[in-house]
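S.K.: Residues 8 to 303 in this note's numbering are what the sequence shown spells out, letter by letter.
By construction, these hints were calculated from the structure, which means they are not laboratory data. We put the beta carbon where it would ideally sit given N, CA and C, even for glycine. Please note that a few of the clues may not be correct.
What follows is a list of derived Cβ distance ranges for each label pair [said to hold, decoys possible]:
#, residue 1, residue 2, range
1, Y16, A255, 36 to 42 Å
2, Q15, G283, 34 to 40 Å
3, Q15, A247, 18 to 24 Å
4, D138, V294, 40 to 46 Å
5, A104, L170, 18 to 24 Å
List time: in silico DSS-like cross-link candidates among lysine-lysine, alpha-carbon distance up to 30 Å [said to hold, decoys possible]:
#, residue 1, residue 2
6, K151, K140
7, K151, K86
8, K140, K213
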Amino acid sequence: MAKKFDIQYYFSEGFHSIFTHGFMSFAAVCMIVACLLIMGSFTLVAVNLDNMLGDLEAENEFLAYVDETYTEEQARDMKSQIEAIPNVSQVTFVTRAEALDDFRAGRESNELLADLPDEVLRDRFRIHVQDIKQLRATSEQVQKITGVADVNAAYDIAQGFVLVRNIATGVAVVLVAMLAVVSLFIIANTIKLAFFYRREEIAIMKMCGATNSFIRWPFIVEGMLLGLTGALVAFLLQWAVYELVGRAVIQSNGLSLLTILPFQSMIAHILPVFVGAGLFIGVVGSVLAIRKFLQV
8 MAKKFDIQYY
18 FSEGFHSIFT
28 HGFMSFAAVC
38 MIVACLLIMG
48 SFTLVAVNLD
58 NMLGDLEAEN
68 EFLAYVDETY
78 TEEQARDMKS
88 QIEAIPNVSQ
98 VTFVTRAEAL
108 DDFRAGRESN
118 ELLADLPDEV
128 LRDRFRIHVQ
138 DIKQLRATSE
148 QVQKITGVAD
158 VNAAYDIAQG
168 FVLVRNIATG
178 VAVVLVAMLA
188 VVSLFIIANT
198 IKLAFFYRRE
208 EIAIMKMCGA
218 TNSFIRWPFI
228 VEGMLLGLTG
238 ALVAFLLQWA
248 VYELVGRAVI
258 QSNGLSLLTI
268 LPFQSMIAHI
278 LPVFVGAGLF
288 IGVVGSVLAI
298 RKFLQV
């Protein structure tokens, strides 16, 4: 029963303190919103960049050329062996005639190509991989299949995609971590400023025999409520800003080819992160701020 009363008291005092010190509470919420918006924006940019790089990787492919002595039927029979190789996501058989048509496309004005026979090119397989980092290993396995004369894989381009993706992910993680630390410092000092105006109240409670835990918990609840409020407001603002920027990118001529993930598809991941970050900043900020005043 006493425990229930304590919890009710903590929340009651926490709510009361927020409205009693309205300006400082508003300032703390604004700081939480600003910090979460900045961190959220960097995170969403990183997520979209990673998705775009993933799309580019998915388009990456390599060619496996069939031995010239193989008939088209024999070449087609090799497809199942290639599909059985781990990391192969899609295999497309391209005949000599189709390869020649692709080669002629865009070169119709070149009369020298008009009379080229199909035999100048070989049957081939266009192979897509699931993980671009394993491109070399996958192409080497394809090369070992009987009937495969040669493979053509752009290893340097594949390694470039992996390098860019790793750098982008690393930079994003470092920036978000730095912003999180700065945000925690700012919020702690903002809440500490609010507590500064209540130092006499804390001192009186100490002199009346209140324990540190009894004094601390209403402030922790207050920080938790401020953090939760800031997180929800920041989430809604982030949604609105993301939609506006995304619409502008799609309508832009120079950026229209970029693929922007719909915000709705990320809500299940983003909302818990915002709420968790808001609660963490609010609670930890409150603990750091109140620690000094409990030494009175």
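S.K.: It remains to establish, for every hint, whether it holds in the given structure.
M.R.: Status of the hints after comparison with the structure:
| no. | hint | in the structure |
| --- | --- | --- |
| 1 | Y16 <-> A255: 36 to 42 Å | violated (50 Å) |
| 2 | Q15 <-> G283: 34 to 40 Å | violated (25 Å) |
| 3 | Q15 <-> A247: 18 to 24 Å | violated (36 Å) |
| 4 | D138 <-> V294: 40 to 46 Å | holds (43 Å) |
| 5 | A104 <-> L170: 18 to 24 Å | violated (38 Å) |
| 6 | K151 <-> K140 | holds (19 Å) |
| 7 | K151 <-> K86 | holds (14 Å) |
| 8 | K140 <-> K213 | violated (62 Å) |
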